Amino acid sequence: MSPPLLAVEHVAVHIGGLVAIADMSFEVPAGRIVSLIGPNGAGKTTAFNVITGYMPPTKGRVLFEGQPLSGLPPERIAARGVVRSFQRTSIFGACTVFENALMALHLRGRAGVFGALLRLPSARREEERLRAEAVALLELVGLADRAGTVASVLAYGEQRRLGIALAVAARPRLLLLDEPAAGLNPSETAECTALIRRLRDERNITVLLVEHDMAMVMRISDTVVVLNQGRIIAAGPPDAVRDDPEVIRAYLGAVPEADGVLHAPA
Amino acid sequence: MMDQALQHLVNGTVLGGTYALLGIGLTLIFGVMRVVNFTHGELYAFGAYMVYALVSLLGLNFYLSLVLATLLGVALGALVELVLLRPLRHADIDSVMLVMIGAALVLQNTEMWVWGGVAKMVPTPFVGTPLVVGPVSVLPLRLFVFAVAVALLVGFWLLLDRTRIGTAMRATFQDPQTASLMGVRVGLVHTMTFALGSGLAAAAGALLGPVFVVSPTMGDLVGLKAFAIVILGGLGNLPGAAIGGFALGYVEEFGAGYLSTEYRDAFGFLLIILVLAIRPQGLVAARERIG
Amino acid sequence: MRYFLPWAFLALLAAVPILLPDPYTLSVLASAGIFIIGAISLNLLLGYTGQLSLGHAAFFGLGAYASALTTLGFDIGIGFGQRITLAPQPVWFGFLAGIVVPALFGWLLGRLAFRVRGAYFVIITICFAQVLRLLTLNWVELTQGPMALSGIPALSLWWPGLDAPIALFRKDQIYWLVLAVAAVAFLLVRQVVRSRIGRALVALRENETLARSVGIRVTHYLVIATVISAGIAGAAGSLFAHSVRIVDPDVFLFIYTVTMVIMVVTGGKGTLWGPVVGGLLFGPLPDLLRGSAPPEAQWIAYGVAMILIVMFLPRGIVPAVASLWPRRAAAKPAAVAVEAEG
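Chains as they are written, first to last, in our numbering: chain A, 1 to 266; chain B, 267 to 557; chain C, 558 to 899.
Next comes chain A alone, as it looks inside the complex (with noise of 0.2 Å):
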């Protein structure tokens, strides 16, 4: 058996006095969608902030394709192929949003100080694939028929899906996405919940999710690995941890309807 793409080694992380997360073990193995469910505060966000680097664990380690990732910074992380969206809509919001995947295509490129100062032939044919390539990203998103309106003016779900963009376009072989369809109407969620199916059948890109809407999670998922107060409490197909005792009373006691929401048609 190959070593999984991304392995969660017993990270611990203490913010202040504040545990937010006590010990935490699991695996991504390549080519599948796992995703991270559990309460507000259970520690989701703080494992993704781990993961990319924004954040050092204060115990443990994150291994990808058997190598250590703790202690690199973000962007180098990024090179690695490990990217992510963020929980809020972030985008280069007074750009264009071609402007915005050019900007996110930077790993995909090469050229240095002298290539860009002298144009060389080699920095402008670059220069001309980068542009074809982000023409490609947007239509893989939708958005190619938007791609001269300035970022900020997007549609919310429009902004989503171009976020999604940016963390897709320096082809990532694992993409962490936080809370991809938060605040998107039943339609949008679909079209979401299709991109990432796509994302991984086309593009052959891993997926880590946190999400909230359990209809997605559940209809998405290959795994599903449940936190609650920084510890996890149960871990395996989406059925299975559906019935788990435990994630029920976890969900019951933060949340009283969630049970419902639990329950919701696969």
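Everything labelled a hint here was simulated from the structure, so no lab data went into it. All of these numbers come straight from a predicted model, not from anything done at the bench. A portion of the hints provided could be inaccurate.
[Stated by the list, open to error] Interface residues of chain B toward chain C, partial, derived using beta-carbon atoms under 7 Å:
hint: 1; residue: Val-302
hint: 2; residue: Gln-443
hint: 3; residue: Leu-490
hint: 4; residue: Ala-532
All C-beta atoms in this analysis are idealised placements derived from N, C-alpha and C, irrespective of residue type, glycine included.
Model the placement of chains B and C on the given structure of chain A, informed by the hints.
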């Protein structure tokens, strides 16, 4: 050898007291208002000129003039806050910095225009012969300046610790949003903070003006030194600014004594670059406040 | 039309010495031009990376001193009985040194200072310029201190077939030289800004967290921008040294940085034409005011202008004027998209 070191220590302490005064005003303004105050050095020069004007031109009592100069500094600070900073309260830190640079240019050159380029001397009631205690000698005026600076530091601490406005300032310092939710009038706190910080700078100028000479460009170097002091202590860190003030005093005195008199003024800046290279959050970092 | 306008503007500027052969006017314009080059370089940092560098005069002054000292030569003791001696070098070596030395310092400062940003960065850059000023004031053996380095030779031109190089003494020659360097500086900055590097800089300015998440290395790109910016500012300093032909420690004064900042902010930071427009407004101002008002009036005017611009026209003149033509502003992004699809 030992005697010389002792003398430098005394000189550094005396100088450090006024530096601490300067630094605390600047760091208070940054901590509460997130404003990098480029007018600080000009308020210092303003304080010095006011003492000169009151004592030499109007013939007022020296001690009374010190008090009046400080109060005028408070008033000027309040004016700057109301006219320039209040409309920019929600602007980004860089815009505010640019406006403060503009204000510093206006203040400095107005001083130059009004008072001319020739340095002024302020007469004082103190004798020019130093007090000698063992191997150490110190001018009575400098001793007086140090005593007043320490008194002002203690007074400032009491103000922050014991009064309502002080409590409001500390609350805003720690968390502006919560403070305003709890009924702190942030606008008033900002005006008071800037006025108070400016008053401390003017007081430092009023105290040091008679020790050195009063000239229109005196604020330039001192403004930069004030930055050095607060960087040493960590921006927005009050005890840090006091420690930074004394640290700069010692570095300058010992640097001038043992290394080179010419580079006296450069030591502070070199120290900052060194500190930022090694410990970006300042020597006395209570918590990180970067960026 | 859009491609034609800048060239027409350049041609117009190049024709000024012929249309208006008044030496005083030309020297005013040349010194304005030198500061415009400084402003163009500052704009790369202030406008495109969003880092407020208030030590920019340091790079300018370093360029002036490096260039002057290389052409004049020096002989200094470095302790332990050792001496460093440099024989006078050709002026264009000096010009080159005037670019390379500041660029090296830009690299050093960038490495050091970009670990901290915001207010800390601003203060560290001010201190950097101040240290250099105090150093040049006091290292008399090297710099003559406050007595200034004088007798700096003029830059000269030579091409095959010419018996002796032509020294560029005359005001019109200096004007053309400054114009040429300014045009090159403008083009270089334009190339950088429109490249992958420029996009990385803007990405960092707009949203650093997001920029890092897509793999943009913060320090790396900020240092690149500083090095290029410092090199261009150094070239401006070198031009200053060889046209005024005297350099004193005052080139490091904060006020010169402020002059460049005002030019950039007034014209529009983060726009290519901003520093040029701002520079043409403020560059000649000192000389225009000289006869009628005391020197303080100029700085007071600068200060008031800075306050008014930030308060009432925070994005600067160029974006404000551009938004007067909404049709063109709207057409621009579409042009990008068409270009992309074509």
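Checked hints:
1. Val-302: It holds, given that the least Cβ distance between Val-302(B) and chain C is near 5 Å, below 7 Å.
2. Gln-443: 19 Å, violated
3. Leu-490: Holds - the Cβ of Leu-490(B) comes within 7 Å of chain C, reaching about 6 Å at its closest.
4. Ala-532: 4 Å, holds
Hint 2 from the list above is the single one not met by this structure.
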